[in-house]
Every structure is written in structure tokens, then in C-alpha cells.
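Line order of the protein sequences matches chains W and F.
Here my numbering is used: the first residue of the first sequence is 1, the next is one more, and so on.
Here my numbering is used: the first residue of the second sequence is 1001, the next is one more, and so on.
Please note: incorrect hints may appear among the correct ones.
[Said to hold, decoys possible] So the derived list for chain W, only partly shown, Cβ under 8 Å to chain F, looks like this:
#	residue
1	R70
2	T71
3	A74
4	A77
5	R78
6	A89
7	L93
8	R124
[Unchecked claim] Using C-beta positions, here's what the derived DEER-type ranges look like:
#	chain 1	residue 1	chain 2	residue 2	range
9	F	G1142	W	G130	22 to 32 Å
10	W	L191	F	G1284	29 to 39 Å
11	F	G1031	W	Q4	41 to 51 Å
12	F	S1039	W	G130	44 to 54 Å
13	W	Q35	F	R1283	50 to 60 Å
14	F	G1207	W	V177	32 to 42 Å
15	F	A1022	W	E61	43 to 53 Å
16	F	G1031	W	E123	29 to 39 Å
17	W	K16	F	Q1246	51 to 61 Å
18	W	V9	F	H1145	42 to 52 Å
19	W	D27	F	Q1329	24 to 34 Å
None of these hints come from the bench; they were simulated from the model.
Remember, predicted model here, so these are calculated numbers, not experimental data.
C-beta atoms are modelled at their ideal positions from N, C-alpha and C, and glycine is treated no differently.
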Amino acid sequence: MSLQAFNAVDLIEQFKSWKELFSEQRDFLIALDGQVGDSDLGITMSKAFAAASEALVAEGEGAGISKLLRTAGATMARTAPSTMGTLTATGFLRASKAVDGKNKLDANDIALFWRAFSDGIAERGKAKLGDKTILDVLDPVAASLEESVNAGKTLPAAMHAAEEAANAALQQTKSMVAQHGKAAAFQQKTLGLQDAGGTVGHLLIRSMADFVAHR
Amino acid sequence: MKKFLNDPVNFVDEMLEGIYLAHPAVTYVDGDKRCLVTSKVKPGKVGIATGGGSGHLPLFLGYVGDGMLDGAAVGGVFQSPSAEQMYQVTKHIDQGAGVLYVYGNYSGDIINFEMAAELADMDGVQVKHVVGNDDVASSVVGEEHKRRGVAGIFFIYKAAGAAAAEGLPLDEVTRIADKARLRTRTIGVALSSCVVPEIGHATFSIGEDEMEIGMGIHGEPGISRKKMGSADLVIDEMMERIFTEQSYNRGDSVAVLINGLGGTPMEELYILFRRVSQLLQDRGVTAKHVWVGEFATAMEMAGASVSILHLDSELDRLVAAPANTPFFQHVGG
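Let's have the full structure, built from the sequences with the hints guiding it.
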């Protein structure tokens, strides 16, 4: 079985998957970020998604997709006020606006979702492509989804292609030099390392692709 | 490190407890001491919120009160408060007329204030931003958007606060705040370092006989480190920077803020003002409003900054308006 469109119940389940994922990946992200940052990324992400998932369960499917995404963003802003927490929160708030009024998210809506998410992070974080940030993964993901929609792909096929794009983009970050955040102080030392924020981006997409494929 | 502390971890919260006990005119919302607001929100008035890291008193929270600000989100020492704290302050002070955010040009504060504005917008609260960038030493002319916000933000608070108190709408209060921003220039000089309580040692080292012109209020590098000169020579060099940026004509009026960074006696600040006043007089410029004291500190850093606001008739009226806040009182005129 696979999922052709997210409804509100699916979305709440997706957040549960993200919560579990970032709980599992917490120590890996701490270690990755610790090489050139301040090691708080794993803590930020596990806290942010745990709180968001619980808030969505509490709110329930009746709130609808847009409101649930807004609650996720607002909850993250409150519980994980570091830069990455705030950026992720912005992503969900923008996604909430992008899918306002919809009660199902098909491939086209999911493309709108990640485009708004990616552009929101770019605007708030003032990062450019190539600066070695989460944007270097999410922008190619949004582009891949848009391409899939134009090619008439279903949601599972589009997410599968997006996951491949995310993985390739993450590998690309190894050849970039960090320009933002605490990692920027390490400059050349960041060469050869995959970006920690980009890793978060890849994990988000991989989880959604798995979810869609097996739901 | 010799400081009056209990546990350094509680530095900010215990400071805030003292503030609330001493100043019943301010209180907090959302059960969070770091969401400081005025105790009496004025119905229908445009709200003005600020925020930023602790370690700079009277900045930022000290100017919440009549004729100035309505709320301040309080961060850890030299750390931005969270977007959620700013949002809670915003929700409380909004009276339907919208809220102006006035804060300094630091990436953490910007990201969080923008996030807070987005949350407020979803609640239908209109928010505008004016970002202080008065420090001439932190970037060159043409790159003003990279400059840090320092003590000159006081003039933005004063002008915008008076405009809001007059009952002007959000667009007008924003226009005035932005004008005050564009007409304010500051330059600082540091003589010694500061100590962040949880770190426990000096942020940077500087020789006994050295000064650093242009250093930021968190110890960010300045433009020149050199042997300490006489007070007059130090001011001559600092004011040169300000005079080359803003053109003052004979007969113009300015407001002057001589700000101690935390570890410099008031007497020395007046010695500095004496020279500033001479230089202004030489140019035929009148120092119409003068404040000498501590307005934006950097913990125990010794040093000072000079801020000059180039007045026009509107700013003259607003800067002169009365204000009554925990750290700043002005009877008007």
C-alpha cells in the first residue's frame, strides 16, 4: 500500500514518525554538529519534533491540515528557540499558509509545501544556495517535486525522486564551505563534512518518502 | 572574577526578580519573567516592543514605561530572547493599533523578532520593524545595513515612544522611529573587557595602557587598538568619525548621549562631554538635549560611547517630551 494524498490523520502520523526519527538520530546529529558547531542540533530537533507531535495529537485531526501545520511551527518556535529550531518552525508556518484550505495534500500540494518551507527558511535565515545550509538540500527537493508534478508522477513516485534528490544534494554539501552560523567560523575545516542542517533536511524527506511508500 | 552572584546560572532571573520588586510599574506575562511589559497598557495606543540579551542595563527593559516602550523580551547574557517570548509580549501590548519592534542589528535578534512578527500576523496583529544600526565603527559608509545597534537606540525609543504617546498611528510611529534611526550615529571606545557570569573570565584581553576605538558592546572587534590618549584626543578621534558621516550646518541642533559602558565613573563621562560640546560649538552646532550617564552598558566594561541625533523640529519636540520609566525619567522640555 502507498499513500496518494495526506489527510489530517496522516499528517499527525507523519509527525509521529519525525518525532521517532529525531529521537533515534539525536546522538548522531549531536556528534555531527559538534565537529563544527555547538552540538545543540540533535537536542533542538528531538525537542522540536517531540513537542510538535504531542501538540498535534492533542489538537486532533478536526483542526485541519493548515491549522495543524501552524500549531507544529508555533510549538517548535516555543520549545526550540535556537536558530535551527526557529528556521524549522518558519518552514512549517509557511507550509501552513501554502496549503491553506486544503483537506488533502497530493503530489502537487506536497510540492507547494516544500517550496514554501524552503523559501521560508531562505528568507528567514538569509542564506543563499551554496552557503552549506539546510537550504542546499531543501531547494533541490522542492525543484525535484515540481519536476515530478509536471511529469504527472504520483505522490509515492514524487517522494521517491525527492529522496534521491535530497541524498545527492546532501553529498554535494561536502564540497561546500560554511558561510552561516557558528560553523562559518571554521570555514575550511568544514570542507569534506556533510552539512548538519542539510542532514536534517535529508532526514525529513527520507522519512516522508518512507511514510508515503508504506502507509 | 569578583561579582555579586549566587549561582551564575540564575543571574538573569534573579536580576529580573529584583527589577519586579523595585519597579511595580513593570510586570510579566505568560508566567515567564523574561516577558516584561508595562503594568498599565494604554488602550488604543500603538505598542512598542524591544528585546535583546541581558548584560546591558538600562538597555533594554529599563525603558519600558510612560512615553517610551510597552514591553521587552529579555534574553540570557548577550543572547537573544526567543521568538515565543517576543510574541507573548506582542500579544499583551497590542491594543488593536499594532506594534512596532525596535531592536538592534544582531542576527539572533532579527531571526527571532521576524519569527515573532509572523506568529503575531497569524493572530491579526500588525507589526512593523525598525532595526537600530547606529555604530559607525562596525561597517563603512554604503554598508550601513551591516552596522551593529548600540546606545543610539535610546533616541529611537525616545522619539517613537513620544510619538505613540501622542496617539499617532503605527505608520507614523514607524516613520518617526526610522527617521531617528537614520539621523543617529554612535561611536564607542573600550578600556577594559567584560565578564559573562556563566563563563567567569574576561571576554578579551587588552593592555593596561591600551584602548580600542569602535569596540562593540559584547566585545566585538573595533577599528583601532592603540595606546590610551588624553580624554580630549580620544573624543577628537571619535567625533571625527561622526562628523565625516553626517553633515551638520551652522545653526543645526543635536541631542547628545554620553554613555558609560559600565565600568567608567560619571566624572570621566562629563570630561568627555566637555570636549564633545567644544567640538560642536566650534561648528556652530547646538547641543539642545544632553544626557550623560549609563544607557547601554556591557557588564563591567570600562569605556564610553557618544551618540549624536541630528534634530529636526519634529524630533526635537519628541525627544523633549516627558517620559517616566524605571531607568529614565524626563519631566519634559
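Outcome of the hint check:
Interface hint status for W/R70: upheld, as the beta-carbon distance to the closest one in chain F is roughly 7 Å, under 8 Å. For W/T71, the suggested interface contact is broken, since its CB lies about 11 Å from the closest CB of chain F, more than 8 Å. The closest approach between the C-beta of W/A74 and any C-beta of chain F is roughly 6 Å, which is under the 8 Å cut-off, so the hint is satisfied. For W/A77, the interface hint holds, since its Cβ comes within 8 Å of a Cβ in chain F; the closest pair sits about 5 Å apart.
A distance limit of 8 Å between C-beta atoms decides the matter here; for W/R78 the minimum to chain F is near 4 Å, and the interface restraint holds. For W/A89, the interface hint holds, since its Cβ comes within 8 Å of a Cβ in chain F; the closest pair sits about 7 Å apart. Given hint, W/L93 at the interface with chain F, holds; its Cβ is 6 Å from that chain's nearest Cβ, closer than 8 Å. The beta carbon of W/R124 is positioned within 8 Å of a beta carbon in chain F (closest approach about 6 Å), and the interface hint is therefore held.
At about 25 Å, the CB distance of F/G1142 to W/G130 agrees with the hint of 22 to 32 Å. Between W/L191 and F/G1284 the beta carbons are some 57 Å apart, a value that contradicts the proposed interval 29 to 39 Å. Checked against the hint of 41 to 51 Å, the C-beta distance between F/G1031 and W/Q4 comes to roughly 44 Å, which is consistent with it. Between F/S1039 and W/G130 the C-beta distance comes to about 50 Å, which sits within the given range of 44 to 54 Å.
Roughly 55 Å separates the CB atoms of W/Q35 and F/R1283, a value that falls within the hinted 50 to 60 Å. In this structure the supplied range 32 to 42 Å holds for F/G1207 paired with W/V177, their Cβ-Cβ distance being about 35 Å. Under the hint 43 to 53 Å, the C-beta atoms of F/A1022 and W/E61, about 49 Å apart, fit the expected range. One distance hint, 29 to 39 Å for the beta-carbon pair F/G1031 and W/E123, holds here, with the actual separation near 32 Å.
Separation of W/K16 from F/Q1246 is about 58 Å and conforms to the stated range, judged on CB atoms against 51 to 61 Å. For the hinted restraint 42 to 52 Å between W/V9 and F/H1145, the CB-CB distance of approximately 46 Å keeps it satisfied. In this structure the supplied range 24 to 34 Å is violated for W/D27 paired with F/Q1329, their Cβ-Cβ distance being about 53 Å.
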